[in-house]
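Asks: These are the residues of each chain, in order.
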Amino acid sequence: MSTLEMLFGHVTMASAFRVACPMIVAAMGGVFSHSAGVFNFAYECIMLCGAFFAAYGSHISGSYVVGGLFAAGVGMLLAAVFGFFVYKLKANAALVSSALNMSAWALTTLLLYTIFGVRGRVVSDTIINYPKIHFDFLDRFPTLSYILNDNIWMVYFAYILVIAAFVVMYHTSFGLRCRGVGINPAAAETVGVNVGRMRWTTLLIMGLFSGLAGSYMPMSGLSTFNENMTSGVGYLVWAAILVGKSNPVLTAITCFVFAYTDALSTVLTALEVPMQLVSMIPYATVIVTLFVVGLRSFTGKPRILGD
Amino acid sequence: MAHKSSEGRIKELAGRLRPGPGFWTLQRHSNAVRYLLAVVLSLLVGCLLFLQQGENPLYATYVMFQGGLANIVNIGTSIRWATPCLIAGAAVVIAFLSGFQNMGIEGQMLVGALAAGIVGYKVSLPHIPHLLLCFLAAGLAGALYALLPALMRLYLNISELLVTIMLNFIAEFGTYYIVYWILMGGTRSNTGAAAIKTEDILESAEMGTLIKGTTASTAFLFGLILLVVLQVVYKRTVIGYEAVQIGQNMEYARAGGVNVVKRFFQIFLCSGFVAGLCGGMEVCGSYHYFLANFPGNLGWEVFMVANAARYDPIALIFISCIWGVMKSGSLQLERVTTLTRYSVNIIQMLFILFVAVDYVGLYQKYKDRARVRREKKPAAKEGNQA
Numbered sequence: 001m002s003t004l005e006m007l008f009g010h011v012t013m014a015s016a017f018r019v020a021c022p023m024i025v026a027a028m029g030g031v032f033s034h035s036a037g038v039f040n041f042a043y044e045c046i047m048l049c050g051a052f053f054a055a056y057g058s059h060i061s062g063s064y065v066v067g068g069l070f071a072a073g074v075g076m077l078l079a080a081v082f083g084f085f086v087y088k089l090k091a092n093a094a095l096v097s098s099a100l101n102m103s104a105w106a107l108t109t110l111l112l113y114t115i116f117g118v119r120g121r122v123v124s125d126t127i128i129n130y131p132k133i134h135f136d137f138l139d140r141f142p143t144l145s146y147i148l149n150d151n152i153w154m155v156y157f158a159y160i161l162v163i164a165a166f167v168v169m170y171h172t173s174f175g176l177r178c179r180g181v182g183i184n185p186a187a188a189e190t191v192g193v194n195v196g197r198m199r200w201t202t203l204l205i206m207g208l209f210s211g212l213a214g215s216y217m218p219m220s221g222l223s224t225f226n227e228n229m230t231s232g233v234g235y236l237v238w239a240a241i242l243v244g245k246s247n248p249v250l251t252a253i254t255c256f257v258f259a260y261t262d263a264l265s266t267v268l269t270a271l272e273v274p275m276q277l278v279s280m281i282p283y284a285t286v287i288v289t290l291f292v293v294g295l296r297s298f299t300g301k302p303r304i305l306g307d
Numbered sequence: 308m309a310h311k312s313s314e315g316r317i318k319e320l321a322g323r324l325r326p327g328p329g330f331w332t333l334q335r336h337s338n339a340v341r342y343l344l345a346v347v348l349s350l351l352v353g354c355l356l357f358l359q360q361g362e363n364p365l366y367a368t369y370v371m372f373q374g375g376l377a378n379i380v381n382i383g384t385s386i387r388w389a390t391p392c393l394i395a396g397a398a399v400v401i402a403f404l405s406g407f408q409n410m411g412i413e414g415q416m417l418v419g420a421l422a423a424g425i426v427g428y429k430v431s432l433p434h435i436p437h438l439l440l441c442f443l444a445a446g447l448a449g450a451l452y453a454l455l456p457a458l459m460r461l462y463l464n465i466s467e468l469l470v471t472i473m474l475n476f477i478a479e480f481g482t483y484y485i486v487y488w489i490l491m492g493g494t495r496s497n498t499g500a501a502a503i504k505t506e507d508i509l510e511s512a513e514m515g516t517l518i519k520g521t522t523a524s525t526a527f528l529f530g531l532i533l534l535v536v537l538q539v540v541y542k543r544t545v546i547g548y549e550a551v552q553i554g555q556n557m558e559y560a561r562a563g564g565v566n567v568v569k570r571f572f573q574i575f576l577c578s579g580f581v582a583g584l585c586g587g588m589e590v591c592g593s594y595h596y597f598l599a600n601f602p603g604n605l606g607w608e609v610f611m612v613a614n615a616a617r618y619d620p621i622a623l624i625f626i627s628c629i630w631g632v633m634k635s636g637s638l639q640l641e642r643v644t645t646l647t648r649y650s651v652n653i654i655q656m657l658f659i660l661f662v663a664v665d666y667v668g669l670y671q672k673y674k675d676r677a678r679v680r681r682e683k684k685p686a687a688k689e690g691n692q693a
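If you read the protein sequences in the order shown, they are chains A and G. Residues 1 to 307, numbered by our numbering, are exactly what the first sequence covers, in order. Residues 308 to 693, numbered by our numbering, are exactly what the second sequence covers, in order.
Accuracy of the hints is not assured; some may be wrong.
[Unchecked claim] Quick list of in silico lysine-lysine cross-link-like pairs, DSS-like style, CA-CA up to 30 Å: (1) A:90 with G:672; (2) A:88 with G:683; (3) G:684 with G:674; (4) G:684 with A:88; (5) G:542 with A:90; (6) A:90 with G:674; (7) A:90 with G:569; (8) G:542 with G:569; (9) A:301 with A:245; (10) A:88 with A:245; (11) A:88 with G:672; (12) G:672 with G:683; (13) G:569 with A:301; (14) A:245 with A:90; (15) G:672 with G:684; (16) A:245 with G:569; (17) G:674 with A:88.
[Stated by the list, open to error] According to the in silico footprint, chain G covers these stretches of chain A (three or more CB under 8 Å from chain G): (18) 51-57; (19) 87-93; (20) 230-242; (21) 274-286.
[To be verified] To give an idea of the chain A side of the interface with chain G (calculated C-beta under 7 Å), a few residues: (22) 289; (23) 290; (24) 304.
Since the hints were derived computationally from the structure, they do not count as laboratory data. Glycine is no exception: its CB is placed at the ideal position from the N, C-alpha and C atoms.
With the rest of the complex left out, here is chain A (with noise of 0.2 Å):
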């Protein structure tokens, strides 16, 4: 294969293609979040926690509806655990987003430890996979079906949900209330919007869909759990928030690069060049993405512009 039919070539945009779901998931429940103006960047630790007991419900259930149910679940508590610090302890949010992003990998390792009793990873039948989904119809053409055909129905999923986040973020009237409360909360108080009550239901959407995507990982055919299995994810997919500016399109778009540059990660080792290195481009792609974004503002003089 010559490099240029590796590097944009079907392999990759399928690995792209899979690996991008768990990141628009989460994205999708994080752009109402962001919107509402709930800082909250608790994504690893719901994704990784979603992970986990995505993989212990299938165990101890051994149907992956539980799994994704019991990952969803978790996601809903952990989001409703930061509320409750943040919203009726007035705690701080950055920091309860960083303890509970921290204490996550400490807590799934224990209990990978006292549950699964092995360190490290555990490998498990008992983990009941995603089932592949197959169109028949995209077998007359081999390359797409390569990229788009087998997939487990979360992929699916995540493309259908930006499509809806789209129309719910700006074409209804909970996401015009929600873009309000996030831009002038006094004003949408005013209007009569419950902006507490608009802030807990996007947590609680922003957890549901980030441990919802948690539960790809585990069960999208590897059956198995790693420790710290997520490692930066959730924070990419904090960075695809902010940089896409809560526009579900946009914001997909960039979960899509990031994708890419992970797939790229196979294809880069494979041609030799250091692991190190190749980790370093999706994070480098964010801060380029910022940089040219950033651009658009460029007045060539030094200024700070207050909070």
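Following the hints, put chain G in place on chain A, whose structure we already have.
Replies: For chain G alone, kept in the frame of chain A given last:
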């Protein structure tokens, strides 16, 4: 005018020293209340965790405290782990008190440590100049690493929050790459060293140990002095006052004649310098070589510790010491019991969460609510009778 006798003078001074009637209120001591309640609550939940894993919670707590404080060696370990908290915490305070969210402490620490590690073993100088050169290299590396987010904020108005976090990851991989591929030549050295690290620094670059037999270095004293100096600067100098004003109300500072742009740049680079210095002191004081990805969670922990201390330098000293004791205790716990250090990680996180709660404010709120309810009741009764 009557002269006061010396007795009278002493009595007057003693009267001033005695605490007045309002001293023992809850508000005055809300910080102490917070720390105490947070420690107690997090230990309580921790005991539940210990129980779940099948260990006697009281024994586990005892081991934790013994690991932190029991003998001079354990105290040395506590000091060793409190030190990076102090210095990196100072860097966080410098940035956040002025309202700038420099989350890139971990990245700046890594590049600073790498710079110090390289200068430590490649250059040969007498003791003091070598140390100073290492520190200078570390600080400059950290400040340079903070340059990009500072410029992006100034010229492109891009929030430094995300950029610095991304730079953390890039530093993590970048320093690993430099050590493994460039310095170690891409293969593990045939001396059998399993760790990805640079060579040991020369003796002339090592900092003095505080307590014999431990890795507690004089960097701890440096951290203490740094935080005291910061407290003085913020409370008593014009620069400190301006820095805090920028953080609290930028327009007010601007109206007051502060060159906000210049100060932002200076403060941000200062924060990066101190963070790099922290990394350098870790290398020169405790490790004596650069170990790839050595901060681990420390990069994130310092934010929580500094926030828990409400960015007050003196409070930071106390919380860092508590943090060091907990960390040392967790290592002892892992050695002595079947518990893993993750349990103590969770307790540390809970400590941070519980410290962030404003207990006195909540208590006041519920007290007021109860009072209002009590006052409403007799009025309602009268209303029913009328």
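Asks: Could you work out which earlier hints the structure fails to respect and list their numbers in ascending sequence?
Replies: 7, 18 and 22
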